[in-house]
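**Student:** Chains as they are written, first to last, in UniProt numbering: chain W, 1 to 296; chain E, 1 to 309.
The hints are simulated quantities; they were obtained by calculation from the structure and are not laboratory data.
Think of the CB as a built atom: it goes at the ideal place given N, C-alpha and C, for glycine as much as any other residue.
Hints may contain errors.
To be verified - One-sided and incomplete, this derived list gives chain W residues near chain E with beta-carbon spacing under 7 Å: (1) Glu63; (2) Tyr278; (3) Glu279; (4) Trp280.
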Amino acid sequence: PQMPIISDLNDIQNKIFRQQKYKQLKGKMKKEKKLEKAKLKKDGNEAPKRVPHTIESLREKDETMVEEEDEELEQEEATDAYANYYTKEYEPKIIISCSDNPHKKSISFIRELCRIIPNSEPRWRKRSSIKKMVKNATAKGFTDLIVVNEDRREPNGLLVIHLPDGPTALFRVSNVKICKDLRRDFKEITSHRPEVLLNHFKTRLGRLVARMLGALFHYEPQFKGRRVCTLHNQRDYIFFRHHRYEFKSSEKVALRELGPRFTLRLQWLQQGAFDGDYEWALKRHDMETSRRKFFL
Amino acid sequence: MVDVWKIPAGFSIESAVIEGCNLNPKAVIHKNFHKVKALERGHEITCMAWGDEDQNEIIMGLRNQTVKFFDTEAKAFVSSRETLAGEGPIISLGRRDGVLMTAVKSGEVTLWRGEGENVQVNTLQGGEFLCKMRQHPTEPNIFATGGKESDLTLWDLERPGEMKFQAKNVRPDMLQLRIPVWVTDIAFLEDHKTIAVTSRHKHVRLYDPNRQRRPILSFEYEDSPLTCLTVIPGQSNQIVIGTAHGRMARLDLRGKKITEPLNVFKGFAGAVKEVVAHPTLPLLFSVSLDRYLRVHHLESSKIWYKLYF
Chain W
1 PQMPIISDLN DIQNKIFRQQ KYKQLKGKMK KEKKLEKAKL KKDGNEAPKR VPHTIESLRE
61 KDETMVEEED EELEQEEATD AYANYYTKEY EPKIIISCSD NPHKKSISFI RELCRIIPNS
121 EPRWRKRSSI KKMVKNATAK GFTDLIVVNE DRREPNGLLV IHLPDGPTAL FRVSNVKICK
181 DLRRDFKEIT SHRPEVLLNH FKTRLGRLVA RMLGALFHYE PQFKGRRVCT LHNQRDYIFF
241 RHHRYEFKSS EKVALRELGP RFTLRLQWLQ QGAFDGDYEW ALKRHDMETS RRKFFL
Chain E
1 MVDVWKIPAG FSIESAVIEG CNLNPKAVIH KNFHKVKALE RGHEITCMAW GDEDQNEIIM
61 GLRNQTVKFF DTEAKAFVSS RETLAGEGPI ISLGRRDGVL MTAVKSGEVT LWRGEGENVQ
121 VNTLQGGEFL CKMRQHPTEP NIFATGGKES DLTLWDLERP GEMKFQAKNV RPDMLQLRIP
181 VWVTDIAFLE DHKTIAVTSR HKHVRLYDPN RQRRPILSFE YEDSPLTCLT VIPGQSNQIV
241 IGTAHGRMAR LDLRGKKITE PLNVFKGFAG AVKEVVAHPT LPLLFSVSLD RYLRVHHLES
301 SKIWYKLYF
């Protein structure tokens, strides 16, 4: 799709004159459009439905976009760090920790995360370094480690480490609304298993991030339950929402939002559990050159 | 012809008209020379090198300690050979006068002679594991090794028991703490006297084996671990280093301000895994973990070509 061009008028410095010309141009365009529509109607055709320009529709074509049924992609995914998860060789067991001296909001956030993610345990940080935490957690049989970072009394970062030397990802967390802010009770989050939805992860990198986040939950692709966790990616921001289905009748279903609401933005992705080479790092000056280029 | 490799991909390119001929066991580029479905974790290519002077053959070392031979004219795999020695994947390979030499992560460097005995050198004297082995460009029997907690050491194949040269660590810092060592890449400079070394602790060091055991030059570059190093042919004092954060810089080792790069090559989103300079043209070929092969112009640091694989 092409961008609409209004040429020449931008060069006129005189504001009043410019606005007049613009008005004239708009009037002319409107007239032409009307004539066209009338002509099409006379011929018997309806005007074709036009798709509006949105940033998503104008997204720059990325070479790393994944097409479905890519043989080498399948092969690669069969041999990467999450292959065990998808063959159900292990069940995820997670530690959720925070930075030292967390405040009320972060504590509630962690408490709610522990309720959402099945098989997870909260732990205090007690000034231990992340490398030590990784070593000890692997020794005790955990499969993933999540560290919530806090700044200015609010959670602002999420470090997800897949344990037996898996990839590490740092996300910047923003717009956190804990259950209390949504006027819900965190006890409404039951221990039923949630359905997990991972939307719009289109590139290779996005796919890897989706696998990382999805591997925190249990693996059952066609699971139908009462709770659903959605991780929706739009323009490189991942929105987390948590709902419960309310079956009012056999046809009507309502969604009741439970649980926290937050957005994630990937900062970097590293091979190896917190030490290793960076597979992707967000470099704003180099990468944020175009408003229509996204990486996930 | 230039040869560049990366974990887990390996590929080679033809120069001048960048007609890419890429080999990769896990991703398709121009051509995938492997049967994708037949691949496993153990078949990961961990290192590559040219098989002979005319650059007709490429030898690849795999994780399960086999060596595969690929013919560039026939564009097919010719043979493979089991070279079991020590433990761990093959980290470096070399072939000179038809004789193959492999280095494994646990430190054993073996010269595989067809007839007669294989010469084996145990290069890990108290270190943790080996990261790199490089053969001397002109002298046939000398090679250098380096690894984690295993500083640069020169060995002679004719005397496998003793070290020809072993580097000494720099003096402890102002808190009297020992500075750790983790050599990631070694390069013999063109004056055939000095050896450049990069480490994962951000150090760039220059050694002269004839002069002293301590490095004649040692400085830190930026904040992230340095992963690769290459020498620019024609200039005996310029090197290009790559970092784990995706920066690549050209440094002049004889200048007054050594830590300031001559130019920085940008555009990487992931760690730079390997850099190679073209022998005649001013081009730099680099491979990074974000699955791109990039060709940069040496002086102007502009990207000339980018290929996703």
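**Student:** Please go over all the hints and tell whether each is borne out by the structure.
**Tutor:** Results for each hint:
no., hint, in the structure
1, Glu63, "holds (4 Å)"
2, Tyr278, "holds (5 Å)"
3, Glu279, "holds (5 Å)"
4, Trp280, "holds (5 Å)"
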